[in-house]
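Asks: In case you want the letters, here they are:
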Amino acid sequence: MATKRNAIGVLLGIELVLNGANLNFVAFGSRFLRSDTIGLDGELMALFVIVLAAAEAAVALAIALNFYNNHTTIDVDHADELKG
Amino acid sequence: MEHLPTIYGAAVLLPLASFFIILIFAQQLGKFAAWVATSAILVAGLLSFLALGTWLTHHWPAGVHHGGHEEHAAPVHGEAGARNQKSESGYFVALIQESVPPPAPGHETAAHGANEAGHGEHEAAEKPVKAGEYYTLGQFGPRPLRITISYYVDALTVLMFCMVTFIATCIHFYAIGYMHDELTEVKDKEVALSTGKFLERPGRYPRFFQYLSLFCFSMLGLVLSGNIAMVFVFWELVGICSYFLIGFYVERKSASTAANKAFIVNRVGDFGMIIGLMVIWSTLGTFSFGPVSWTDDAGMNHEDPGIFDIVRPAAANHQLIVPDGMVQADAKEPTGETRHGKPVMGSGVADIVRDHASSRAGLESADSEIAARTPDWRAQGYGYWLLVLAGLGIFCGCVGKSAQFPLHVWLPDAMEGPTPVSALVHSATMVAAGVYLVGRFFPVFTPEVLLVIATIGAITMLLGASIAFTAFDIKRVLAYSTVSQLGLMMLALGLGGWLAGLMHLVTHAFFKSMLFMCSGSVIHAVHSNDMRKMGGLYKKMPVTAITMLIGCLAIAGVSVPFIVGFSGYYSKDAILEQALSFWRANQTPQAGLFFVLALLGAAMTTTYMFRMWFMTFAGQPRDHHAYDHAHESPPVMYMPVVVLSVLAVSVAWNYQYIGYFAIAAAFFVGRALQQGWFKYIRPSHAEHEDVEHETAAHYPVAHHAQTGHVFPAHAHAPEATVLHGARPAPSESPLTWGWVALMLVCTVVGGFVLQKGIASRGIEGLSLAALLEQARPTGTLADATGAWTKWRWPNEHFAHEPANFSTIVVPATLLASASWVGGILLAGAFFWWRALNAEDVRRQFAPIYSLLSNKWWFDELYDAIFIQPTMVVSRVIAGIDKRWIDGFLDWLARSCVWFSRVWDMIADRTLVDGFVNLLAAWTYSLGVSLHAVQTGRIRQYVMFIVIGAFAIFFLISLFWSPTLAR
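Order-wise, the sequence lines are chains B and L.
Position in the first sequence counted from 1, then plus 421, gives you the working numbering.
Position in the second sequence counted from 1, then plus 302, gives you the working numbering.
Simulated from the structure, these hints should not be mistaken for lab results.
A virtual CB, placed ideally from N, CA and C, is assigned to each residue, including glycine.
If you anchor each label on the Cβ, the simulated ranges turn out as follows:
id, chain 1, residue 1, chain 2, residue 2, range
1, L, Ala1222, B, Leu437, 46 to 52 Å
2, L, Phe1217, B, Asn491, 44 to 50 Å
3, B, Asn491, L, Ser1263, 47 to 53 Å
In silico negatives: residues of chain L with every beta carbon more than 10 Å from chain B:
id, residue
4, Leu348
5, Phe351
6, Thr356
7, Pro430
8, Gly498
9, Pro645
10, Pro708
11, Thr757
12, Phe771
13, Asn831
14, Tyr840
15, Pro891
16, Gln922
17, Thr1049
18, Phe1132
19, Asp1188
In isolation and in its complexed conformation, chain L is listed as follows (with noise of 0.2 Å):
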């Protein structure tokens, strides 16, 4: 555990070496620029994992006896009885189970009240952390406040510093293909120039892989971040990024305008955030989250508590308590009275510390004086604002970053950006940022923080999903969609269901990330982005579609209810039976409000998916022309999506059920091989000859994508146009009846004997649930009030409790199931069947459609709102400017040559120059009149002489009396 450190701060400045690797080395390297940063990710991949391994072995999950783990609430050992409960949830389950002593007689009931434990008599136990610095930057001042570079390591650091890493490897895989365009010049046909033609520059290959590398040392900072203060550094870096990546194509007004704003939207929402940093650095006197060991300068260690400790101290059983801070801070007492004898209300520190001012004793007993009224004050409910405050504060931070309404609007527009950029940026990392931060910050949100979070992640969500049922961008349906998950993952964390929405975001990553690098393929081949170009692409691109399939199908939910299902349905049936017993929890209709919605979503969801994917890839193609050129991507691209299609399939499974899908899969990817499916698209090296010689090309797709063109030369048109025709299709049904069968009885007989084995070695526990819940914040296990709002927040695990079973999590996945059918058969009737008109839909409903389709509004809303104002101002202030304030200047440039004309005038002529000549005039006279005195008359001279020595004999007789020698 002690390398932990070290691994993490390898893996985040792999990234940053190799930034600036390519920084420098742009030209050499060309395009060896992509390994240097794909190894670099990779490196920091297989340290990442290198460090799961590690935490694995000290810390496993909760609910396997395995060696090593000791922070462990209660560990109850007999419950084998419970664990065998078939269930969906079948591992929450067993995560209760072990780590709850059996409920005491009357517990059911849970105690309502504000911050009751509501599980039992056992102490919150800590969760496994391990926090420390790297490095102090500085500290300042008496308390002193500590800028350092820290790390915070738990179960939540581990499993995103994996997923980011896997997804970013991925990914640069992947963009080594999708980016070849840019290893020679470029014709970028949406430029046009003022001459009419279109723009021709150089490829800009490395700076897109510079950029990438940045990306990935940003996020992961952000993640090994143990300050808050850290997280802004790396939130603005991950900022940044995002605007160079979007910005790519910069000579694209359409890209750079999007850069741009996407950086401000995100601006705004930091204000809010560095709002909140202010209130927590003032109040609480520190920005990390772990706790703090310092040296003071007389050599004495201290520790410091961390934020999470602060607010959720040992003390009050890690329940949210107001800190001493705030309360302090806003504690009032009255200090006078009016004249109509009402209470003046002062600050009741002040009042202490005056009170205290005068006494021997001074500041020690003030402060002791200021401890004890503290409990009081906290109970009278000062403070607590600030709490709200402070949580309001990092939450508008998140806001921004995760796209959240009213910030949604930069993200639709990110699609600008290269698709790579698209599939790693703005669907699984920096939009998760926001995520992970709420997740993250969970202990010091308040119940009513949560509030505002839900609101606006019902908000959001609705929002995302409508607009995407009208978009005809495939990028833009996948940009909703993600602006939609979004807000259903803040949705389910302001509903108390913190693992929920955390696996949410896990899993979502995976698949959506999935989603857009296949629909990058797909605008690849067809050139295009717009979804009524497409159709029946199925038979072009069999690997595309089919993953493409995984990703809907995992982003809808699809399962066999309570048995098995895709990532998907995991972590949506979390976040609905977390919705539902909130609802239980509060029984009014405004609390399942937030049920309804989030069904809602999840059917909405399906449905403009399934649109999506029926309108790309089934049916008849839309335009012959796109439908003739398109092919199956090189392998560099096809791979990673299926490497990620299959996380998509199983992140969330119980590990030990893998066996299962490991077999299945193997029967896949045999037969494919078998069939050739990949033929197609990767021919060997004896067919590549055989095209070279015929001048038929049998496989033009194939040859084309062995000498990496993405555009087929159009010399090979006439013949492809020809030969797709001719071309073998793959054969109608590959899947025989005795081969599925041979399929089934070998997937279920292998996958129960290597489940039996994996789980003979004890680690039948560890799945993406389990090890999310060792990262619990300490505390959250327990319901919550807040203190303004008189609803209760159930806690997570209340949902699963057996006692629950059919009132929660029954509804809530079959309601789930029903969602998603609903949702494919509604966009099979449109799309694929088409029993249902699209078309006359949409002129029944045009207000709505149009409302929809123009993104409800909120472009046009801001700039009349902000941007037309700004503009107003603006111009007057330019008005202003040009008016008077460069009048006023040019008036003052006047006013100085005036009287430097003047002062010449004055000052120099008259007095400087007249004192000169008149000096030189009176020498001059005396000059002249010195001259009368040489006459040149000897006489005169001669009595001169006379005269002087006269003269001198006088002044000497004055001064010299002689005495006469004797």
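Next comes chain B alone, as it looks inside the complex (with noise of 0.2 Å):
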């Protein structure tokens, strides 16, 4: 995510992120881990995981696609009118 220049490749990685992060949720919320738990406290904060990684990886297309409609390139760092 932080070394793809590739606007996909970004979005790859954030993908990457947001599952990695659900494994630990489900690992660290199993009965292994925690003694107080129902059981399914992190398959179902995963579960919000996968939503949200969902919508955002469509929003996140949806600007890729408007980046590239404008600048006829999708590579991040073309992306820097917002400094400043």
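With the hints as a guide, bring both chains together as one complex.
Replies: Take a look at the structure:
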């Protein structure tokens, strides 16, 4: 996510991060690492994250599309007009 | 008697009310302001006479056995034999015979030595007094000092009230006529504007009466005052009223300068008076004349003695002693020794207090020892100088107010005011206030002070009389005459003649105010003050001429010796008798000088007064234009004069003899009416209509009087000059021998009958002298000697004892008669028969003439001594002011400006602005640097997120150690 110049590459990275976070949630929410759970804490959080990831991926892709329409490139290094 | 304070309070406040009414409603009142003022003073006069009646019913003058007199020194009955003694001072003798027990053998030689009652063994009785307070303004301090509005009513107050209100009423009526000009626009011929025309200003009629009312209030308040502080307040009030009235014609430089002069010279005298007041307060602890009762905080009643009781306590038989306060203030005891063995004197009181300070009893024992030592100290003479200083201080105020030498310079200039002012203020009342205060404060004066008073009085008398010889302004003559007569009054009081001096005050008030009013009529008629333009006015103004003649006779003291005389005769002779008895008591030439000077003054008075009369009314007119226009004044002006002339003749008479005078007067008045003397002055209406119809005005004079014009319209002038010759003159001799015989017979017989009738009702003792005798301060009927002078002041009754009749009374009366006869003859020789020539005398005595006509150069002297140095000093100080002080202030301002510029440079711009700018720069650079963070590069932002997330995990791991749940 931090190293890719391609916008799609960054999105891929974001997905990986979120999936990794999901795995952490499930893992730490299991009954092996916490005593008082309802058994499904981790999976519940992971569900939320999945939904959010999906929405966010859609929005990000829309931004990337618009960016390509305006700049004819999806090199994120060229997206520095918000500087200053 | 209980109502006297209320009556007098009302009489004092009525003119004040009139002042405020006129002040506020001057526009609406216009002409009626005069009636407001006149009715106020008239009612005050009625109240005064009501009070006189009340007083008489309670305190009939001594010598008559009328009901209700308790305060009476050893009444002696069965002295009727002495009362029949026919002497000119018959009533004086009667007074004494009634009030003094027969002299003990060997008593004739009055023992010498201080403070001896020279009149036998009786106790000096208290005189009848009603004193009290109206209102306490404040009470301060431990003793305490009380400032109050209080009253002190004795026979002198009663008499002064009657005199002041009566004269003031007459003058108010006179002024209604005199100030007529002020009702319309006034063209003041003495004020020239820069354009060359004369000033035209609106008239100020109401303001005049407003000031007159304020003056009456002030004078009456002064007379009523019961404490010396209140006297001082009213003293200043009469001074300021005099300032207003003198400067009434304020646009005239001479008038406004004269007003300033009067007030400032008065203030110089008041400076001494304040010193006297300070001495009195600090040593006696009270200002009040009479005893004061007060309650302290604890509710206890105290009665503190008044000033007179402190200096003449009953314990010392009412003889003058130095009061405790003064003795203790001055007492000195040896407190140590110098190196050479001489004792060092320190305050005795402080000594004792120091000794007792350590003892247990403390202050009370100190007090009792001080009280025990006081008689010792008094005998050693401590504190006497304080008593002398107090007396001199108070007298200093009187010197200013009564125009004595050296503060006499304001009175002649005060003639710039209108004549009613001169008549009321500067002859009868305000200047009399000084003499009144000397009379009131008489018990406090030591013989040394009396000597000073007599000396200054004598100097003033001669000064005024000498200058009056050369004055040509008729009012100036009268002004200097007033100065001279006031000097005579002070001389009388200074020689111990309390009754003589105050009697002269009263008689002088009547005839001097009348003289002033007559002179005002003359000035009005001739339109000039200058006597050199007058002459022969007797035919044109008979009433004025005769009344002025009566005034001159009164001031000269004309009389049939030992039998009857004008009012001035009684008072002047009393003064001369006291002066002569003073000489006999102290057989030295210096003591006799007072008598000689008084006699000389009397002769001079007669001479210059008759000079004035002859120059004005007798002989040939000197200025025909003025003579032609001259006319008698309207009745509103001459009636008060006539009334006052009656009193000028008879005010000093024993009122049982009034019957003679009344009958003779009735004859004269009847004759005058019958002869039509008054017709030329106030015609009937029928005649007036004739005047309207006839083109040739028969009585132009009367016409003018009727319409109130004082300045004859010039349209009448041509006819007037023609008809003045044609108008029938008063018949050559209206008094036929038959008529005169009839009048004399009726007067003698009728007067005798009336007198018997009056006397049988038991009122034969009433006369001016008897009333004044009631007010004589307790204890002053004894011979007095001073501590510093070796002279003896004989008591006033000494001159009238039967044994001294031929040694004192007879020489005094005869010499006085010689003086007035000589005076009239001399004046007549110069100015009537023209046997001697005044011009020659003037040329021969040119240096003396120059001295006198320049008023002894007092004005120039004061100018050189006081005014020029003051001007020099003021110019120097003004120079210092301009150069140094202003320069300093300018420098200060410039430095301030310079400093502010520098400060602006340093502090404002550099520090304050710099600081603020620095902050701004920092903020900006911070912003700029933060700028750098936002590169816009996404990968960097993602890096930040990663680093941030790691940082959070790290921080949390530091502070939260998770426990693995079980």
